[in-house]
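> Protein chains in written order, with this note's numbering: chain A, 1 to 301; chain B, 1001 to 1263.
Bear in mind the hints are in silico, worked out from the structure with no lab data behind them. Please note: incorrect hints may appear among the correct ones.
Among the chain B residues that face chain A by a calculated CB cut under 10 angstroms, a handful are [to be verified]:
1. Ala1024
2. Asp1036
3. Gln1090
4. Val1104
5. Met1108
6. Pro1112
7. Val1113
8. Gln1116
9. Phe1197
10. Arg1258
11. Trp1262
For each label pair, taking beta carbons as the anchor points, the in silico distance ranges come out as [said to hold, decoys possible]:
12. B:Thr1183 / A:Val293: 37 to 45 angstroms
13. B:Leu1255 / A:Thr72: 46 to 54 angstroms
14. B:Thr1183 / A:Thr72: 26 to 34 angstroms
15. B:Thr1183 / A:Asp115: 35 to 43 angstroms
16. A:Ala112 / B:Thr1257: 51 to 59 angstroms
17. B:Leu1246 / A:Glu170: 56 to 64 angstroms
18. A:Asp66 / B:Leu1246: 37 to 45 angstroms
19. A:Thr59 / B:Ser1180: 33 to 41 angstroms
20. A:Gly58 / B:Thr1214: 55 to 63 angstroms
21. B:Leu1153 / A:Gly118: 38 to 46 angstroms
22. B:Thr1214 / A:Gly57: 53 to 61 angstroms
23. A:Thr72 / B:Ala1042: 17 to 25 angstroms
24. B:Arg1258 / A:Leu17: 48 to 56 angstroms
25. A:Gly57 / B:Thr1257: 49 to 57 angstroms
For every residue, glycine included, the Cβ atom is placed at its ideal position computed from N, Cα and C.
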Amino acid sequence: MAVIEVNGLQKRYGEHLAVADVSFEVQEGEIFGVLGPNGAGKTTTVECIEGLRVPDGGTIRVLGLDPQRDVTELRRVLGVQLQDSKLPERMTVAEAVSLYSSFYDDPADGDALVDRLGLTRRRDTRFGKLSGGQQQRLAIVLALLGRPRVAVLDELTTGLDPQSRRNTWELVEQVRDDGVTVVLVTHFMEEAERLCDRIALIDAGKVVAIDTPSGLVERTRAPQVIRFRPSEPVDEALLRGLPEVTSVVQRDGRVEITGTGDVLATVTTALAQRRIVAAELRVTQPRLDDAFVALTGEGIR
Amino acid sequence: MTTTTAAPAGTGRPRTSGFAGLGALTRSELRLFLRDRAGAVATLLFPTVLLVVLGLIPSFKEPVTPGGPRLIDLYVPIMVAMVLAVSAVQALPAVVATYREQGVLRRMRTTPVRPQTLLLAITATMLGVTLVSTILVLLVARLAFGVPLPQDLAAYLVTLVLLGGAVYGLGLLVAAVAPSGRTGNAIGTVLFFPLMFFGGLWLPRDVMPEVLRTISDYTPLGAGAGALQAAAAGSWPQLLHLGVLLAWTVLTGLLATRLFRWE
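Construct the complete structure from the given sequences, taking the supplied hints into account.
In structure tokens form, the structure reads like this:
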């Protein structure tokens, strides 16, 4: 069942149309990615879902709740981690966790969360003295304290070092395994590819595509490149004649084939039929980055 | 897809309403205030220290007019008004605007606790600190300089409430329009000096020229100091002064509510 339904969402700031037309559904128990270049309207979209902004058009339902009308109910079931939102400088980690726990009827185990995010040794450190990554991890703790059924995490791992980033990914997977539906706003391809079950690719305030990470990659028909050194010279015409092959270049006894779809299987089969061995075989497959560039016409970073 | 159906969110759970979380937030704000030791000591003691310094000046012990109150007697209500003004137009906007600038208010909006509750907790903390500071001023004035305690306590308290409303309304208005903690503090400071001037900090109302005193009657601190002085002397304050305070409270309160932004 759909936990979040966004239909024809529109939001403008003055003259600027931040979100032109965004629709998607998030299913229960999935990790749903919202991916797009800076200024694409990702954050505005999730802020409307969180009830922090009033949409100019369209409808939103979160577990059947209207984020504007049913905001009180929404706050109990939705955990939010905001992009750059601080705490008072002199408040310690332990104080923040205990204060925010007191806001919920049945809070999660704060100590366990603090431990899972590697902040136990920083319990008595003031917020102002935490590193950017530690502040970020505390924000994740606070987002999960209310045992939310849906968690919206905006730029979750920005500012984290690679190790913390990986730990945080594991945590998100654990959170999902506990039955929480997760919406992840990100511009890290690796993160989206690794974590998300489905991704809504947003560009210039519109949804460009919604698919699984591999579905997005396939959809772009970005070419794969196969390089190898054949055990004996290959007839170029033969290779060109294969349906998935788009180009063949031979140089210094090496072959470079560009193709789409199942090109690798087709080429290796054709070579095997002629008892040619492809040594030093390398395949460069398109990744989410390529799909992203192909679908939005620009790179992210 | 499985056929698990989720129950409608939040059914059967008690609905927190109003100002749930106020107690925890107020304790938290008070702890944060006290943790800034220098700031806390300054806020709590500055008015009393100023009173002591003034009290040590010989001319302050002389009656202003033959048989009338001494200068030090006139200064105690001014000090009390100043305590309220400092916390309302300087401390309050700085904290609120900083919280807004850093997204503390915004984060509060994502929890079941309403951000209004945090504003109330900050205000409650400031008022508590102000109360302690006021009592300190009155006690030191009484013990060190023989200034009588307020004669008409009821009138004094009513005036304090109205004056508190007027200056806190003003403070919240500054907090509403200040984009950052720094500008909040700056606007508060700029506002503080004319407010205190008409309140009589440099020239008590009794010795102000007619024109100045008339202007002063219509400012929150002028009306407040005048009303406190009357109540301290044991008479009910002028209706004009109480009306002016009420008008400032309503006006600034409405404007602040209308202009306030959470982010």
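> Compare the structure with each hint and give your call.
Comparing the hints with the structure gives:
| no. | hint | verdict |
| --- | --- | --- |
| 1 | Ala1024 | holds (4 angstroms) |
| 2 | Asp1036 | holds (6 angstroms) |
| 3 | Gln1090 | violated (18 angstroms) |
| 4 | Val1104 | holds (6 angstroms) |
| 5 | Met1108 | holds (9 angstroms) |
| 6 | Pro1112 | holds (4 angstroms) |
| 7 | Val1113 | holds (5 angstroms) |
| 8 | Gln1116 | violated (13 angstroms) |
| 9 | Phe1197 | violated (33 angstroms) |
| 10 | Arg1258 | violated (17 angstroms) |
| 11 | Trp1262 | holds (8 angstroms) |
| 12 | B:Thr1183 / A:Val293: 37 to 45 angstroms | holds (42 angstroms) |
| 13 | B:Leu1255 / A:Thr72: 46 to 54 angstroms | violated (27 angstroms) |
| 14 | B:Thr1183 / A:Thr72: 26 to 34 angstroms | holds (33 angstroms) |
| 15 | B:Thr1183 / A:Asp115: 35 to 43 angstroms | holds (40 angstroms) |
| 16 | A:Ala112 / B:Thr1257: 51 to 59 angstroms | violated (41 angstroms) |
| 17 | B:Leu1246 / A:Glu170: 56 to 64 angstroms | holds (60 angstroms) |
| 18 | A:Asp66 / B:Leu1246: 37 to 45 angstroms | holds (40 angstroms) |
| 19 | A:Thr59 / B:Ser1180: 33 to 41 angstroms | holds (36 angstroms) |
| 20 | A:Gly58 / B:Thr1214: 55 to 63 angstroms | holds (57 angstroms) |
| 21 | B:Leu1153 / A:Gly118: 38 to 46 angstroms | violated (57 angstroms) |
| 22 | B:Thr1214 / A:Gly57: 53 to 61 angstroms | holds (55 angstroms) |
| 23 | A:Thr72 / B:Ala1042: 17 to 25 angstroms | violated (40 angstroms) |
| 24 | B:Arg1258 / A:Leu17: 48 to 56 angstroms | violated (27 angstroms) |
| 25 | A:Gly57 / B:Thr1257: 49 to 57 angstroms | violated (28 angstroms) |
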